Every structure is written in structure tokens, then in C-alpha cells.
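Student: Sequence:
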Amino acid sequence: MFILIFTQAACAQTRLPNIESAYSNFEKDSQLKFGLSSLTVLNAKTGEVVFSKNGNIGLAPASTLKAITSISAYHILGENFTWQTTLGYTGSIVNGILNGNLILTGGGDPTLGSDRYNQSKPEVLLSRWLAAIKKAGIKKINGRLIGDDALFGTQIIPLGWIWQDIGNYYGAGATSLSWRENETGVRFKAGDKSGDKTLLTGNTAGPVPLKLVNEVTTGAAGSGDNVYAYSAPYTDIVYLRGTYGIDLKKTIMISMPDPALNLVAELRENLQNNGIVISGEATTSRLLNLSKTVYLPPSAILDKYNSPQLGKVVYWLNQKSLNLYAENLLKTLALKQGKFASTENAISELKRFWTNKLKMDANALSILDGSGLSPENRVTTMAMAAILQSATKEPWYPSFHESLPENNSMKMKSGSIRNVLAYTGYHTSSSGSSFVFSFITNNYNGSTSAIKQKMFKVLDGLK
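With the working numbering applied, the sequence shown covers 1 to 463.
Hints are computed from structural coordinates only; laboratory data are not their basis. Remember, it's a predicted structure, so these values are computed and weren't measured experimentally. Careful: at least some of the hints might be erroneous.
The list that follows gives simulated cross-link-like pairs (lysine-lysine, DSSO-like), each with its CA atoms no further than 30 Å apart [stated by the list, open to error]:
#1 K249 to K193
#2 K304 to K139
#3 K249 to K189
#4 K211 to K121
#5 K357 to K320
#6 K250 to K189
#7 K393 to K121
#8 K140 to K121
#9 K33 to K463
#10 K304 to K135
#11 K304 to K393
#12 K336 to K312
#13 K211 to K292
#14 K452 to K463
#15 K457 to K411
#16 K134 to K320
#17 K45 to K304
#18 K28 to K457
#19 K304 to K359
Starting from the given sequences, assemble the full structure and let the hints guide the process.
Tutor: Structure below.
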């Protein structure tokens with residue numbers, strides 16, 4: 001059956017004349033004069049190729065790649081998988097004084113400090129850790145507060161991400177000790193007219209200050225948010241460029257350069273505000289290693305916090321297209337297989353899994369990340385559709401299906417980066433036939449809204 005799936009076919013036993021005609025017209029559209037498109041439709045129950053054009057040509061999938069990352073995580077990690085973050089200490093507690101370090105060790109949880117779940121909200125976690133420390137009888141700490149973010153290493157940005165992206169909230173690095181989805185907010189006041197300088201009025205960086213260099217000018221009314229942040233992991237300098245609409249009232253979210261440091265600094269501040277004196281600084285395992293400072297692992301554990309289960313994480317990953325969640329999930333696949341949690345190791349494990357399960361050629365998945373943000377990713381629509389079709393047979397399929405947004409009255413994940421628009425998902429026709437599809441368009445010209453409606457018109461052939 002899987003050999004059939006990966007054989008190029010214009011159409012098979014079940015024909016869809018409406019989609020064939022619509023796709024033929026789509027290919028001739030002037031917006032594709034210099035572009036390339038691919039569409040594969042499979043029978044959701046049998047895997048039969050119903051329609052495929054350019055199905056074995058690798059194209060940039062943008063965020064539809066998140067569907068593959070999600071399904072891979074369900075398979076390899078399991079629907080009930082959770083990450084664990086531990087709070088522990090070194091040394092000993094004597095008369096309420098901890099003579100040692102307090103250590104928060106990250107396990108890869110991207111939801112830590114996220115407002116999307118009641119259990120992970122910053123105030124809930126800070127109170128939880130405060131309570132654990134008080135329960136142990138600690139009133140004073142003669143030592144440091146350390147955020148151990150070593151599990152994922154220091155290469156927190158996948159290869160292939162571009163400079164224009166990594167300073168923005170959607171380009172936040174995948175760290176093993178995350179905080180507030182590794183993003184922070186910047187507030188502007190527009191000038192009196194278009195072209196005027198803007199004024200920075202505040203930010204939400206917390207106790208770890210950022211050096212914000214504001215080069216943003218005022219945009220025309222209705223132009224919205226065209227602000228880009230330029231920074232690198234672990235730096236405190238952020239250049240802000242672009243335009244901020246004169247009528248805009250919005251906090252602009254940018255990436256947090258050092259999430260682990262932000263977390264332990266905020267925790268230290270909260271402990272101090274609640275009467276627990278800390279003599280040492282808030283720091284991270286990375287910074288201590290850079291300074292060649294020796295530190296010991298925790299000898300005792302005060303708290304073990306488990307993240308929301310995988311199904312709940314995947315829900316928001318796909319509903320809001322959260323790159324951070326996708327990249328942390330991807331790295332965790334490598335850990336699960338006993339490898340160091342690098343993006344490269346994780347991609348190797350992901351490709352090995354699918355070549356074994358579906359007997360597909362690994363070159364059908366030429367990827368550099370798990371979120372689809374890299375413009376260098378290449379995936380065939382045949383591979384994408386086959387992976388989605390295989391998911392329909394799994395007990396966790398309802399959970400994955402629920403995670404997909406609804407677009408054009410279809411359950412599907414969208415993807416969009418510069419001159420790339422893609423959709424992949426499921427649909428049941430009015431006659432009761434169930435289909436899986438992957439539709440990718442690269443290097444189109446003109447407006448995204450126009451090509452979007454034209455792609456929807458093609459997909460209407462499945463209705």
C-alpha cells in the first residue's frame with residue numbers, strides 16, 4: 001500500500017473531476033507565472049492516491065511542517081507525555097539557612113510560564129516554588145539561584161533561520177528551561193505623522209534589562225505592526241526597526257534572548273519580596289560554564305513540576321502555530337531516542353522513524369527545523385499527505401485532529417512565509433468521502449490574500 005502512496009499519479013480509481021479542473025486552472029494563473037505548486041489528495045481510509053500533481057517535488061512547507069512534527073511526537077513520545085522541571089538544592093539546611101545553591105533544572109518544557117494553561121501561569125509557578133522552599137524551612141540562602149538550561153545545549157536557534165526572524169517572538173530559541181514562551185513585550189508611542197520617530201514607552205523584560213535601540217518610525221494609518229527586532233541568543237542588545245502604525249495601540253512581542261536567566265531572576269525577586277534572603281546572584285549553568293565556575297548538581301529535590309500532557313501542548317502548537325512548541329518537541333524526540341537533544345539529531349530520528357514506518361525515501365523530508373520557519377525546508381506533498389493519512393489509524397488521532405484550525409470550513413494547518421503558502425489537513429465531502437490533502441505553493445507573486453482564495457477554490461473541489 002505504501003509503495004502505491006509514493007508513486008506519482010495524476011489521478012487514481014477515485015476521480016475528482018472538479019479538483020482536477022480547478023487545479024489545472026490554478027496552475028495557469030498569473031500569480032504562478034514564476035512559481036511552483038503541488039497538490040496531493042489521498043483517500044483518508046485506504047491511502048489511495050486520488051489526485052497528485054508534482055507530488056514528489058520538494059517544496060518549502062512553511063508551518064504545515066508542524067503537522068509532521070506533531071504526529072511524530074504522538075508516535076515517539078505518546079499522547080500523555082509530559083516534561084518535568086525540578087527545583088533542588090546543594091549543601092545543607094541549618095537553622096533555616098541553606099548553605100548552598102538553589103537550582104531550577106529544565107527538562108525541555110516550552111509551556112513553563114505560559115498563560116495558555118492554568119497550571120503553567122507565571123504567578124502559579126512562582127507561588128508553587130515559593131511554597132516548596134518555605135516547606136523545607138528555608139528562610140535564607142547563602143548561595144546562588146541557578147537556572148540549569150544545559151539539556152538542549154547552547155545552539156537554541158535551528159540552522160536555516162534567517163536574521164530577520166530570530167529577534168521576533170516567533171523566532172524565540174528552543175531552550176530546555178523556557179519562561180513566558182521565551183518572549184517579552186515592547187510598547188511604543190507613535191509620532192504625530194507618518195515618518196516621525198516613535199517613542200519607546202516601556203517593556204516587559206522584567207528584572208533582566210534589555211538595551212533597546214529604537215529605530216522604528218511611524219507608519220501610515222492602517223499600516224499596522226511592521227516592527228522587526230534584531231538580536232541574537234544570549235545578547236542584551238536589541239535593535240528595533242520598521243514602522244509602527246500611527247493608529248496602532250499594541251504591545252509588540254519580541255524574543256527573550258536568555259529565558260533561563262529571566263526565569264531565575266524573576267524567581268529570585270519573588271523570593272526576596274516574600275522575605276527569603278538570597279546572598280548570591282541569579283545565574284545560569286551556561287554563564288557559570290563560561291566563567292569556568294564549578295557548581296554541583298542538586299543533592300536534594302524540593303519540587304517536581306510536570307507540564308500539561310502532549311495532546312494539550314499540540315493543541316496550542318497547531319491552533320496558534322507556535323514555533324517554540326514545535327522546536328522543543330522536535331528536540332525532545334532526540335532525547336527520547338537516547339541522543340543529545342540537538343535539532344540535527346532530532347531530525348535524523350524523525351526521518352528514520354518515517355522511512356521505517358512508511359518506507360518513504362528520507363529525501364522526501366529535507367528539513368532543518370520542526371516549525372517550518374526555515375525557508376530552506378523541503379517536503380513533498382506526497383510525504384506530507386501520507387504521514388497525515390497514517391495518523392488516522394492511531395488511537396490519538398482525535399486529539400491531533402482537534403488541534404488543527406478550521407480554514408475554509410476544513411480542518412487544516414496553514415503555513416506562510418515569504419512567497420510561500422501551504423495547507424494540509426482532512427475533509428469529508430458532502431457525499432461522505434474522507435480525504436487527506438497537502439497543498440503547497442512556492443514563489444507566487446502578488447498578494448497572499450489573493451493566492452489564498454485561489455487555493456481555497458481548488459480545495460473546494462473536495463467538498
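Student: For each hint, tell me whether it holds in the structure or not.
Tutor: Status of the hints after comparison with the structure:
no. : hint         : result
1   : K249 to K193 : holds, 15 Å
2   : K304 to K139 : holds, 20 Å
3   : K249 to K189 : holds, 8 Å
4   : K211 to K121 : holds, 26 Å
5   : K357 to K320 : holds, 29 Å
6   : K250 to K189 : holds, 10 Å
7   : K393 to K121 : violated, 35 Å
8   : K140 to K121 : holds, 26 Å
9   : K33 to K463  : holds, 28 Å
10  : K304 to K135 : holds, 14 Å
11  : K304 to K393 : violated, 34 Å
12  : K336 to K312 : holds, 19 Å
13  : K211 to K292 : holds, 26 Å
14  : K452 to K463 : holds, 17 Å
15  : K457 to K411 : holds, 15 Å
16  : K134 to K320 : violated, 37 Å
17  : K45 to K304  : violated, 42 Å
18  : K28 to K457  : holds, 14 Å
19  : K304 to K359 : violated, 40 Å
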